[in-house]
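S.K.: Sequence:
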Amino acid sequence: MKAKSPPPSILLAFLLPSLCLGQETHRSSPPKVPAWRLWREDLKQIEEQLPKLHKNAFFRISEKDWRTLVKESIERIGPKTDIPHFAAELLRVCSAIGDGHTQFAWPQVGFAQAPLSFFSFDDGIFVTAFPEDKPLLKGAKVLSLQGLPIAEALKRLRPFIPPENEAIFRSQSVHFLSIPSLLQAFGIGDDSKVLRVGIEAKGKKVEVALPSIPFRQKPKVPFASSFSKVPAFMGPRKKDYSYSFLQGGRTLYFIYNRCRNPRAFAKLVATMRKEIGEKKPSKFILDLRRNGGGSSLVITPLFGQLRVNPILKKAKRYCLISRRTFSSALLNATAMKQKYRATLVGEPTGGKPNHFGEVQPLRLKNSRLTVYYSTKHFKRVPGDPDSLVPDVKIPLISREVFSGKDRALDFCLQDKLQR
1 MKAKSPPPSI
11 LLAFLLPSLC
21 LGQETHRSSP
31 PKVPAWRLWR
41 EDLKQIEEQL
51 PKLHKNAFFR
61 ISEKDWRTLV
71 KESIERIGPK
81 TDIPHFAAEL
91 LRVCSAIGDG
101 HTQFAWPQVG
111 FAQAPLSFFS
121 FDDGIFVTAF
131 PEDKPLLKGA
141 KVLSLQGLPI
151 AEALKRLRPF
161 IPPENEAIFR
171 SQSVHFLSIP
181 SLLQAFGIGD
191 DSKVLRVGIE
201 AKGKKVEVAL
211 PSIPFRQKPK
221 VPFASSFSKV
231 PAFMGPRKKD
241 YSYSFLQGGR
251 TLYFIYNRCR
261 NPRAFAKLVA
271 TMRKEIGEKK
281 PSKFILDLRR
291 NGGGSSLVIT
301 PLFGQLRVNP
311 ILKKAKRYCL
321 ISRRTFSSAL
331 LNATAMKQKY
341 RATLVGEPTG
351 GKPNHFGEVQ
361 PLRLKNSRLT
371 VYYSTKHFKR
381 VPGDPDSLVP
391 DVKIPLISRE
401 VFSGKDRALD
411 FCLQDKLQR
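In terms of the numbering used here, the sequence shown has 375 at position 375, counting the first letter as 1, and numbering is strictly consecutive.
Just to be clear, a hint being listed does not mean it is correct.
Straight-line distance between alpha carbons at most 25 Å, and here's what the computed DSS-like set of lysine-lysine pairs gives [claimed, not checked]:
| no. | residue 1 | residue 2 |
| --- | --- | --- |
| 1 | 314 | 280 |
| 2 | 274 | 229 |
| 3 | 365 | 32 |
| 4 | 393 | 229 |
| 5 | 193 | 138 |
| 6 | 379 | 80 |
| 7 | 80 | 193 |
| 8 | 52 | 71 |
| 9 | 405 | 229 |
| 10 | 239 | 267 |
| 11 | 365 | 44 |
| 12 | 71 | 193 |
For each label pair, taking beta carbons as the anchor points, the in silico distance ranges come out as [said to hold, decoys possible]:
| no. | residue 1 | residue 2 | range |
| --- | --- | --- | --- |
| 13 | 354 | 414 | 42 to 50 Å |
| 14 | 273 | 386 | 21 to 29 Å |
| 15 | 273 | 61 | 42 to 50 Å |
| 16 | 36 | 238 | 38 to 46 Å |
| 17 | 392 | 123 | 17 to 25 Å |
| 18 | 207 | 34 | 36 to 44 Å |
| 19 | 207 | 314 | 51 to 59 Å |
| 20 | 314 | 156 | 47 to 55 Å |
| 21 | 413 | 273 | 30 to 38 Å |
| 22 | 304 | 156 | 44 to 52 Å |
| 23 | 375 | 304 | 22 to 30 Å |
| 24 | 271 | 32 | 22 to 30 Å |
| 25 | 215 | 238 | 19 to 27 Å |
Note that these hints are calculated values from the structure, not bench results.
As the structure is a prediction and not an experimental result, all values here were calculated from the model.
The beta carbon of each residue, even a glycine, is placed where N, CA and C say it ideally should be.
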């Protein structure tokens, strides 16, 4: 399966309507068409082409309701519409399809952003990164955003995120929370340049205001982290895949972050196979918690070892999953459960076991922005469950994760149950 990788940033060519139309330069140039009219044409392009291109665009929403929604979005675009409001309408009409792979690639716009990062833990939304000169923000629980209670702000975000399942909403919603201009377009507050966050920290309830920083501009104040120690599943994906032997060689721990580069993956598995013979692990853990997809076939050499390697055939098997386990990684997790008798540990996945995928791009003719759509449907399990649910669900509690604790991995390492 092809993953939906984040598209590169682009120049906002739609600020120059003549470029949007691809007009040639003449001595006597025709009158420029207002940008908002061109944006309306882009929405009409989506209305016309997306249903034809998508594998089954109306599996969740009726064609009549969707076309009505698109027409309402078109009507909201007018002379006073700015880029964030146009982007909001693109998010709205694409998300309404209800397929997690069919989305507007909004990061390519390059929005100004406040210097804050958030994560949705089981005990609330918390700050995970912040400016060094705002130490009160460290590990703070978010109570409000732009003057709205955080629960209400999240509610207003829902029309702009595909309603595939609750896990994907928790995964994607936090990325919007630090972008004031988009929040304003979503109906969250009225300030497009300053983020106001109400927090609870160290027994205090205060509101902190942070101006947004232009895209690609380096913050004047360095970032600080809320973590005393960052657990591996929360940190950056430094490598596509790696492995290590834990507990004196008794446990083989394989981190699989991206489903790509099959030759390098096969080479790594070949190297690992030699060490397996030396260390003879009795437990195998596959970590898919940061894997958002790619090609589902890349993992084939590893699955081959699980089938034929006499040591791994006897090993107890675990597969770590999370809200970020999506697309091809979700297919791999399903295979671990169905074919390789693995115990699933962690959170429900961001993708559905039976889902749309194999994305292709639709370039909008005027703004030159990109919408991704699904061309295939994958049926892997009976019924239509919202997520691949772990056999052992491990809650993510803020204080534990901030201290570096990884309860899901710890469970696998400490589990003594026999098959």
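S.K.: Hint by hint, note whether the structure agrees.
M.R.: How the hints compare with the structure:
no.	hint	result
1	314 / 280	holds (10 Å)
2	274 / 229	violated (32 Å)
3	365 / 32	holds (16 Å)
4	393 / 229	holds (23 Å)
5	193 / 138	holds (22 Å)
6	379 / 80	violated (45 Å)
7	80 / 193	holds (17 Å)
8	52 / 71	holds (18 Å)
9	405 / 229	holds (8 Å)
10	239 / 267	holds (15 Å)
11	365 / 44	holds (11 Å)
12	71 / 193	violated (29 Å)
13	354 / 414: 42 to 50 Å	violated (33 Å)
14	273 / 386: 21 to 29 Å	violated (37 Å)
15	273 / 61: 42 to 50 Å	holds (48 Å)
16	36 / 238: 38 to 46 Å	holds (43 Å)
17	392 / 123: 17 to 25 Å	holds (19 Å)
18	207 / 34: 36 to 44 Å	holds (38 Å)
19	207 / 314: 51 to 59 Å	holds (57 Å)
20	314 / 156: 47 to 55 Å	holds (52 Å)
21	413 / 273: 30 to 38 Å	violated (22 Å)
22	304 / 156: 44 to 52 Å	holds (48 Å)
23	375 / 304: 22 to 30 Å	holds (28 Å)
24	271 / 32: 22 to 30 Å	violated (60 Å)
25	215 / 238: 19 to 27 Å	holds (24 Å)
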